[in-house]
Amino acid sequence: MLSRTASSLYWLGRYFERVDFISRLVEATVRLDVLSARPAGRAAWESALAVTYTDVAFAATGGEVRRRDVARFLTVDGSHPGSIVYCVEAARTNARAVRTALTREAWSAINRAWLLFEGRPPADDPTAVLNLVDAVKSETRGFEGAVHRMLRNQTTWFIRLGQAVERADNTARLLDVKYHILLPEGERVGGVVDRDQWTTILQTVSAVTAYRWLYSDGLSPANVIDLLIARPELPRSLAASIEETVEVLGLLARRTGQHGEADRMARLRATRMQRTRSGEVIASGLHQFLQGFIHENALLHAAIGRQFKFG
Amino acid sequence: MRAQAFDEIMGMAGRPPRAELDALARWLEATPAIELRRRQHSAEAAFRQLGITFAVYGDNEASERIIPFDIVPRVFLPDEWDRLSRGLVQRVEAINAFLDDIYGERRILKEGVLPSDLILGNPQFRPEIAGIRPPHGVWAHICGIDLVRTGPDDFFVLEDNARTPSGVSYMLENREAMLRLCPELFRNFRVAAVDSYPDRLLEVMKSVAPRGVATPTCVVLTPGHFNSAYYEHSFLADSMGIELVEAADLVVDEDIVWMRTIAGRVKVDVIYRRVDDDFLDPLVFRPDSMLGVPGLIAAYAAGNVAIINAPGNGIADDKAIYSYMPEIVRYYTGSEASLPNVETWRCREPEALRYVLDHLDELVVKLVDGSGGYGMLVGPTASREEIDRFRAALVAEPHRYIAQPTLALSTVPTMAEAGLAPRHVDFRPFVLTGTRGVQVVPGGLTRVALREGSLVVNSSQGGGTKDSFVLMADAGATQSQSQSQSQIQALRPDGGAR
Amino acid sequence: MRLSIHHRTAYRFSAPQARLVQMLRLTPQNSHDQTVARWRIDIDRDARMSEGRDGWGNVTTMLYVEGPVEEIAIEVSGEVLTSHSDGVIRGVAEMLPPGLYLRSTPATAPDPAILAWAADLRQTDPLTTLHGLNGAIHQRFEVDHGRPVAGRSAGEAWSRAKATPRDLAQIFAVAARHLGQPARYVSGYCRHADQEHPTPHGWAEAWVEDLGWVGFDPCTGLSPQEDHVRVAVALDAAGAAPVAGSRLGEGAEQLDVEVRVEEA
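Residue numbers (full-length UniProt numbering), protein chains in the order written: chain W, 1 to 311; chain L, 1 to 498; chain R, 1 to 264.
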């Protein structure tokens, strides 16, 4: 496979995964802000900005941290890489560059997501925002399905690799921000606002039902952290993303007959994760743990680029 | 004058539809306009979803548009197609022979058949590659010959395209849409399939690989996904199952072309390039080209790679050369061109210029080096100012222009605002040349001028496309689409073009 | 005359280059009045080379270098035997008919000022016209032996008081073509070129019916003599460039050229 093609597929995976993540984040935040009995308001939107690393960029727009401005900023504002429309566009540009490698089904999902934004007025009321992200999510789901129906070859592996690396980053950031920045001062851990925040996290990683299946003792932060970090059953957990990375790199190594530094880094990370207990992580500092993980993930990303000569 | 136009389905005005196509005329009558329109919209929605788009020059707004699709097919009868194919094969054989001669011995100039300055002074004649002979001596592997029709038996060549003719993806996608939306037509008519085009093209590519390469690696070279025809590039690579590369994916080392892959370098033997000569190799052509592959021409000159179509082909389809095509065909094939040219006045000749200036309101005047319908005067519909502007331009630089009569182009019923109406069409069939001869794919791209009375079919100027049916004569064959292998007419199975 | 030639071209890049591909036109060919006795091209690092010919008939050497490349030097050395020829070129295989050399290029575009000036120089006999043209250009300019400015066209050079040999040869080509004589640029070496700032030399050739290609060196106002060594021809200087290169990498490049042409 051409190095450029591999690079585009990988970035396609990363960007479309980010599209999915931001959509879920916006959706969960709207719910937290509007549909909850106790609107979280400003705090909810601040956290959404923090999770997408866009707080600085948003401040520069002069907008007010409230639903209308932030939702618009995170969905249809193409001027920064933290918006859905930016990521859709970037995913589509990469997809176009490898149009031959994709099935029509996979391409169509991306293209339809792109068409959703063409000439669309900003969605301002909550229902419109929810409709928009719903429509986007339906295309990301369609894409996910299409990737699964594609030939199990290097094309799908590079897409999956991008998705896995992106997913690990997203989940780690979500957890980091929600746990350490946005528990409002004076709120009791386990209080009502806190409880809403934890539900938002679960919604963002589509894990509300999974949580109920895996934990019988009600909503507790320790359990949510355990689920998102250490449970490989949950596709968006760090453990699952790490496993996926190792698996896909293994498939690629078998095909190309070449092992490299990315393989070694990914396997080392997986071995460490198997020994990680979420209780210990909380005790010794979740924030440090997550920051370390995000840094390591960035190093792996760079190693992948070198190993496959993305150039 | 327009009222006299020959309609390919309905026949001449005031008379009954052409007997052979009576069934099609009845289908048109029986299918409600609203239903035709629904199908047409469905096809266009599918095209948009698939991203079958093109970029319009000078249009910043919508950088990607689909080309309008018309649901009513254009039909060729078996014997019409037969005659047409023979003429096309003859013409393409002549084009290949011409290119081989003009970059080699130049007999045609030495014998005075063409004026030397016409070739030597023409920027499309590329001295940089003089003396290089492509593998197997095939130059124009893929030709698109633009034809117009004025009557049941009157076809004229409007333009040859021997560089990188585009539009074949529309031939294939339009057919796919028609099969899905109008299956009844394929039950009632025995339509030759076009879907084997990619296989045929790949076979041609493999056949011209440098000698000694058992399993050649073929690639499609695109300028990149911002190019207006990118969809077609990716479509072709996809349907042939070969890599779609950009210049940055290729490196030349020791006169061999390699592509960069995740597992290292892979040798490339045949390149179907969809970039212009200027952007092939910055060491030989434009030094500022970022799109080029440095060293590509050295690899080509060393005989280590085949480039499809060959560099330098522009001299064969140049508008200034066009008017000499009858002489060129006669010179190389030994017989008269069976497909005539449209009568053409070469404004470089003083007598012709005088005639053209006297008849500007009747003629179509074209820039010799223009394309896409820009820089063109359609006399009968032009304003006084336009005519005056062209008159001044002609006097100033006569050598840059040719003129042709406005032909009563044939029409085909087409969905218009108020229902079916006749609209003018042209036609681009695709002709392939490999080491096993010249073949014409039974179909092509029909372009239609969607505006009433308009003769401009270019997609950038409000033109659309139609499917082109070639009806089969052989009653023994089945009409299945997948039977395509046998339906491609390998008209010269015995020998090569050269 | 036996000429010993030494020509070194060195590139230094501000950032390492991933790859380098160059086409060299640095190899003279034998002709009636020029015999190459000894000739070699040396590169100061690992490089792969292959020889070929371009469309003009010049001998080319493709040079492929894998990075990282921070500097590279191309050294050409050899000996060539020359004899006096009155500038008429014989015994060279021509790839293209003379008529092709009536074409212009961006660097030899028909500049109105040059054309107006040249129109007065027309004589009945083409050879006389060309010699007159050569002399007139020689008279008009002071020769600038500094490094030629890449991409400077004949029209741009025309308005200056000083011009490089390359500029003068391109001006000659523009004027000669306008007067109906096919003309081309020649790159090569010349012993009399200013020894303080030596660069490869450039002059012109024009086609005269019944005589063939004839050399004209506007730097001297005469035809090339025994001290000229012809290497490559093309429509303009860029087409006959000794080194055409392409590199993969960022940064700027610095070029150093050394030429020594001596009687051996």
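No lab work stands behind these hints: they were computed from the structure.
Do not take every clue at face value.
What the hints assert, rightly or not - Chain W is faced by these chain L residues, among others (derived, beta-carbon under 8 Å):
id : residue
1  : L179
2  : C182
3  : E184
4  : L185
5  : D238
6  : A248
7  : S338
8  : L339
9  : N341
Stated by the list, open to error - Below, simulated DSSO-like cross-link-like pairs (lysine-lysine); rule was C-alpha separation at most 30 Å, straight line:
id : chain 1 : residue 1 : chain 2 : residue 2
10 : W       : K309      : L       : K319
11 : L       : K267      : L       : K206
12 : L       : K267      : L       : K110
13 : L       : K110      : W       : K309
Backbone N, C-alpha and C define an ideal beta-carbon position, used for all residues, glycine too.
Consistency of the hints with the structure:
At its closest, the beta carbon of L179 of chain L sits 16 Å from a beta carbon of chain W; the interface hint therefore is violated under the 8 Å criterion. A least Cβ separation of about 21 Å between C182 of chain L and chain W goes past the 8 Å threshold, and the interface hint is therefore violated. Taken as an interface hint, E184 of chain L does not check out: its beta carbon lies about 25 Å from the nearest beta carbon of chain W, beyond 8 Å. For the restraint placing L185 of chain L at the interface with chain W, the shortest Cβ-Cβ distance is roughly 24 Å, beyond the 8 Å limit, so the hint is violated.
Residue-level restraint check for D238 of chain L holds (minimum Cβ-Cβ distance to chain W is 4 Å; threshold 8 Å). Interface hint at A248 of chain L: satisfied, since its Cβ lies 7 Å from the closest Cβ of chain W, which is below the 8 Å cut-off. The beta carbon of S338 of chain L is not positioned within 8 Å of any beta carbon in chain W (closest approach about 39 Å), and the interface hint is therefore violated. Contact between L339 of chain L and chain W, as hinted, is not supported at the beta carbon level, the nearest pair being about 35 Å apart and thus beyond 8 Å.
Taken as an interface hint, N341 of chain L does not check out: its beta carbon lies about 38 Å from the nearest beta carbon of chain W, beyond 8 Å. Among the hinted pairs, K309 of chain W with K319 of chain L is inconsistent with the structure: their alpha-carbon atoms are about 45 Å apart, more than 30 Å. Restraint check for K267 of chain L and K206 of chain L: satisfied, since their Cα atoms lie roughly 14 Å apart, inside the 30 Å limit. For a cut-off of 30 Å, the pair hint linking K267 of chain L to K110 of chain L is broken: about 40 Å separates their Cα positions.
A threshold of 30 Å between alpha carbons decides the hint, and for K110 of chain L with K309 of chain W the separation of about 53 Å lies outside it, so the pair is violated.
Of the numbered hints stated above, those contradicted by the structure are hints 1, 2, 3, 4, 7, 8, 9, 10, 12, 13, listed in ascending order.
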